[in-house]
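Use the sequences and the hints to build the structure in full.
Going down the list, the sequences are from chains G and X. If you use this note's numbering, the first sequence corresponds to residues 1 to 341, in order. If you use this note's numbering, the second sequence corresponds to residues 342 to 682, in order.
Just so you know, these hints were derived from the structure itself, not from any lab. It should be emphasised that the depicted structure is a prediction, and the values quoted were computed from it without experimental measurement. Don't take each hint at face value.
Said to hold, decoys possible - Examples of chain X residues lying across from chain G (beta carbon under 7 Å, computed):
(1) Leu-354
(2) Met-355
(3) Val-356
(4) Leu-383
(5) Phe-469
(6) Ser-472
(7) Leu-481
(8) Gly-482
(9) Cys-491
(10) Thr-494
(11) Val-498
(12) Glu-501
(13) Gln-504
Said to hold, decoys possible - Computed Cβ-Cβ distance ranges for the label pairs, DEER-style:
(14) Pro-19/G / Glu-588/X: 47 to 53 Å
(15) Met-447/X / Gly-109/G: 47 to 53 Å
(16) Lys-115/G / Ala-508/X: 45 to 51 Å
(17) Gln-374/X / Tyr-170/G: 50 to 56 Å
(18) Glu-588/X / Glu-30/G: 47 to 53 Å
(19) Asn-330/G / Arg-506/X: 45 to 51 Å
(20) Gly-654/X / Glu-45/G: 37 to 43 Å
(21) Glu-45/G / Thr-348/X: 51 to 57 Å
(22) Glu-233/G / Ala-608/X: 58 to 64 Å
(23) Lys-115/G / Ala-608/X: 34 to 40 Å
(24) Thr-545/X / Glu-30/G: 28 to 34 Å
(25) Gly-109/G / Lys-351/X: 29 to 35 Å
Cβ atoms here follow ideal geometry from the backbone N, Cα and C, with glycine treated the same way.
Number of protein chains: 2
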Amino acid sequence: MADAAMTTPKDELMVAIAPDVAKIEQSMREDLQEVTTGSDPLLSEVLEYGIFNGGKRLRPLLLVLAARLCGFRSDGKRDIYKLAIAFEYLHGATLFHDDVIDRADMRRGKPSVNKKFGVVAAILGGDFLHSRSMFLVGALGGIDALKIFCQATNAMVDGEFLQLRNAQNYNLSEDDYFAAVKGKTALLIAATCEIGALAGGATTIQQHALAEYGIGLGTAFQIIDDLLDYQGETVQTGKAVGNDFQEGKMTLPLILALSSASAEDKARLLFLLENESARQDGFSEVYGLIEKYDGFSSSRKRAESIVAKVVAGLRLFSGEECRPVLSVLNALAQYVLARKK
Amino acid sequence: MADAAMTTPKDELMVAIAPDVAKIEQSMREDLQEVTTGSDPLLSEVLEYGIFNGGKRLRPLLLVLAARLCGFRSDGKRDIYKLAIAFEYLHGATLFHDDVIDRADMRRGKPSVNKKFGVVAAILGGDFLHSRSMFLVGALGGIDALKIFCQATNAMVDGEFLQLRNAQNYNLSEDDYFAAVKGKTALLIAATCEIGALAGGATTIQQHALAEYGIGLGTAFQIIDDLLDYQGETVQTGKAVGNDFQEGKMTLPLILALSSASAEDKARLLFLLENESARQDGFSEVYGLIEKYDGFSSSRKRAESIVAKVVAGLRLFSGEECRPVLSVLNALAQYVLARKK
Numbered sequence: 001m002a003d004a005a006m007t008t009p010k011d012e013l014m015v016a017i018a019p020d021v022a023k024i025e026q027s028m029r030e031d032l033q034e035v036t037t038g039s040d041p042l043l044s045e046v047l048e049y050g051i052f053n054g055g056k057r058l059r060p061l062l063l064v065l066a067a068r069l070c071g072f073r074s075d076g077k078r079d080i081y082k083l084a085i086a087f088e089y090l091h092g093a094t095l096f097h098d099d100v101i102d103r104a105d106m107r108r109g110k111p112s113v114n115k116k117f118g119v120v121a122a123i124l125g126g127d128f129l130h131s132r133s134m135f136l137v138g139a140l141g142g143i144d145a146l147k148i149f150c151q152a153t154n155a156m157v158d159g160e161f162l163q164l165r166n167a168q169n170y171n172l173s174e175d176d177y178f179a180a181v182k183g184k185t186a187l188l189i190a191a192t193c194e195i196g197a198l199a200g201g202a203t204t205i206q207q208h209a210l211a212e213y214g215i216g217l218g219t220a221f222q223i224i225d226d227l228l229d230y231q232g233e234t235v236q237t238g239k240a241v242g243n244d245f246q247e248g249k250m251t252l253p254l255i256l257a258l259s260s261a262s263a264e265d266k267a268r269l270l271f272l273l274e275n276e277s278a279r280q281d282g283f284s285e286v287y288g289l290i291e292k293y294d295g296f297s298s299s300r301k302r303a304e305s306i307v308a309k310v311v312a313g314l315r316l317f318s319g320e321e322c323r324p325v326l327s328v329l330n331a332l333a334q335y336v337l338a339r340k341k
Numbered sequence: 342m343a344d345a346a347m348t349t350p351k352d353e354l355m356v357a358i359a360p361d362v363a364k365i366e367q368s369m370r371e372d373l374q375e376v377t378t379g380s381d382p383l384l385s386e387v388l389e390y391g392i393f394n395g396g397k398r399l400r401p402l403l404l405v406l407a408a409r410l411c412g413f414r415s416d417g418k419r420d421i422y423k424l425a426i427a428f429e430y431l432h433g434a435t436l437f438h439d440d441v442i443d444r445a446d447m448r449r450g451k452p453s454v455n456k457k458f459g460v461v462a463a464i465l466g467g468d469f470l471h472s473r474s475m476f477l478v479g480a481l482g483g484i485d486a487l488k489i490f491c492q493a494t495n496a497m498v499d500g501e502f503l504q505l506r507n508a509q510n511y512n513l514s515e516d517d518y519f520a521a522v523k524g525k526t527a528l529l530i531a532a533t534c535e536i537g538a539l540a541g542g543a544t545t546i547q548q549h550a551l552a553e554y555g556i557g558l559g560t561a562f563q564i565i566d567d568l569l570d571y572q573g574e575t576v577q578t579g580k581a582v583g584n585d586f587q588e589g590k591m592t593l594p595l596i597l598a599l600s601s602a603s604a605e606d607k608a609r610l611l612f613l614l615e616n617e618s619a620r621q622d623g624f625s626e627v628y629g630l631i632e633k634y635d636g637f638s639s640s641r642k643r644a645e646s647i648v649a650k651v652v653a654g655l656r657l658f659s660g661e662e663c664r665p666v667l668s669v670l671n672a673l674a675q676y677v678l679a680r681k682k
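This is the structure we're talking about:
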């Protein structure tokens with residue numbers, strides 16, 4: 001028998017979001033069915049495989065919550081879930097393409113689309129999802145929503161180019177890092193929240209607060225991702241630990257450690273980063289040096305303070321009817337901080 | 342001194358379309374400048390390199406012509422060129438991605454984006470153009486235009502999947518071939534014409550006739566492409582001759598030859614196609630067999646009759662003011678048939 005004392009905040013969050021997540025899943029199934037009717041069966045198979053992969057559906061959920069917070073009530077005419085799934089499609093499209101770019105064999109513990117179906121399927125399947133997502137945003141959210149969406153996707157591409165450039169730069173500053181994360185991850189989460197706000201009839205101030213919440217949540221998400229890449233357990237994350245370091249990627253724990261390391265330790269860290277052969281056996285040494293300069297705990301503190309600030313920014317939604325949604329948005333932010341995978 | 346007797350229909354066509362083509366080029370430069378302001382310089386460089394590559398600008402030109410044929414007159418408020426360039430962007434996006442898929446090193450006689458800037462730039466640069474094109478169609482053409490556009494891009498992806506499947510099938514029928522060409526190439530040209538028609542305030546019948554014109558033009562374009570792959574001169578096309586055959590690709594000349602070949606010749610053709618080692622030295626033999634069964638001339642006849650039919654379908658634009666545009670649309674169709682590269 002379940003013991004009430006044993007329920008965790010995570011359990012409570014999962015219960016609170018379950019009905020929306022179920023409707024999001026159902027909406028995706030129905031939409032994919034509709035849009036691939038008459039298509040090549042392989043296309044359906046690729047999309048099905050790539051999209052129904054145990055993802056958290058965080059993005060569409062945020063859209064639905066933002067809309068509800070701003071006053072959206074289902075009237076049977078407008079389908080908020082169908083607008084919301086656009087963001088899961090776009091997310092899927094970027095994962096399909098990232099797997100080609102990174103030549104990644106695995107995704108969430110199973111073969112990536114690229115590995116299983118090949119590069120044609122991964123690129124074109126991604127293009128298909130990209131196209132469908134933009135259509136849904138334009139058709140159901142209107143031109144203002146499409147504009148916000150495209151600004152975010154453009155920023156995402158730009159963020160990747162910035163990262164490409166940063167890959168050569170081991171003296172990356174914290175500001176550079178946050179700029180890249182904003183483009184690569186956070187602006188799209190912000191767009192999700194903003195477009196939800198628009199659909200709910202938000203005021204400009206409400207829309208802005210939700211955009212900030214999205215930026216903060218996305219940034220914290222990425223920082224925790226960086227931490228998990230060093231500290232996560234492979235069995236939970238489905239990814240190899242130490243990947244970022246092996247690729248010479250400058251993530252926040254490393255940047256913060258470098259910024260406060262002694263000249264000697266800084267030189268040693270840079271040596272390990274710059275030499276591919278040294279990197280191969282250097283993980284535990286780098287891990288130790290990051291820990292010595294509090295790179296992990298400082299990164300976590302950054303994430304916590306970002307989340308605290310943007311959650312506080314939602315206080316302007318002060319009505320009684322806002323409470324349930326605010327409570328979920330707060331719990332989601334805590335979940336992002338606490339997640340182990 | 343230029344001799345009037347020496348001007349060809351192609352020269353006349355080039356003169357007739359030059360003002361529109363110049364405005365299309367200018368519109369693309371201005372738009373790319375605007376949309377990449379503040380972006381990573383590498384992104385601008387990649388887009389500039391990939392887009393300003395001596396392309397014919399056939400797609401945006403068709404949109405402008407279709408709009409004008411249906412009554413669009415520039416009033417200084419609506420910018421038809423900015424809507425038109427969306428189709429060049431989308432075309433660019435597909436070329437960027439195709440070069441990754443085909444691992445093509447060359448494009449129009451110079452290194453492909455993939456070769457010159459790498460796979461990240463080719464995939465993400467393509468995504469950027471894709472995203473911008475959809476935004477322009479949604480914002481300037483409206484939701485109806487976006488819907489037509491997305492149906493065409495979805496069909497394009499589907500056509501590629503169909504082709505992937507067909508690659509294993511050496512018994513491809515003429516119908517299979519035309520279905521794949523429709524999805525891969527023709528529907529997008531049709532969408533260009535249709536969206537131009539919409540922007541010009543077309544009636545449903547006018548819109549339909551222009552869509553058919555686009556389908557026909559696109560199909561003829563692909564058939565001629567297939568012919569050039571066997572019969573073109575590398576110095577003009579910038580592509581190696583015999584590529585399709587070396588890849589075992591079933592194109593129209595081969596399909597038509599197979600359908601009327603003797604049992605013995607059919608078996609020989611299939612043997613050459615199915616065996617990679619036999620293919621390497623088999624080009625001239627296959628060429629001879631296709632010629633023996635009129636595969637080339639029959640393909641050309643198919644293209645000619647398709648073009649004749651859809652050009653005739655434009656007769657419903659009977660007003661005096663339609664003549665100049667009709668004459669260009671007719672000349673474009675003849676140019677597609679006559680092109681050497």
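Hints violated by the structure (listed by number, smallest first): 1, 2, 3, 7, 8, 13, 15, 16, 17, 18, 25
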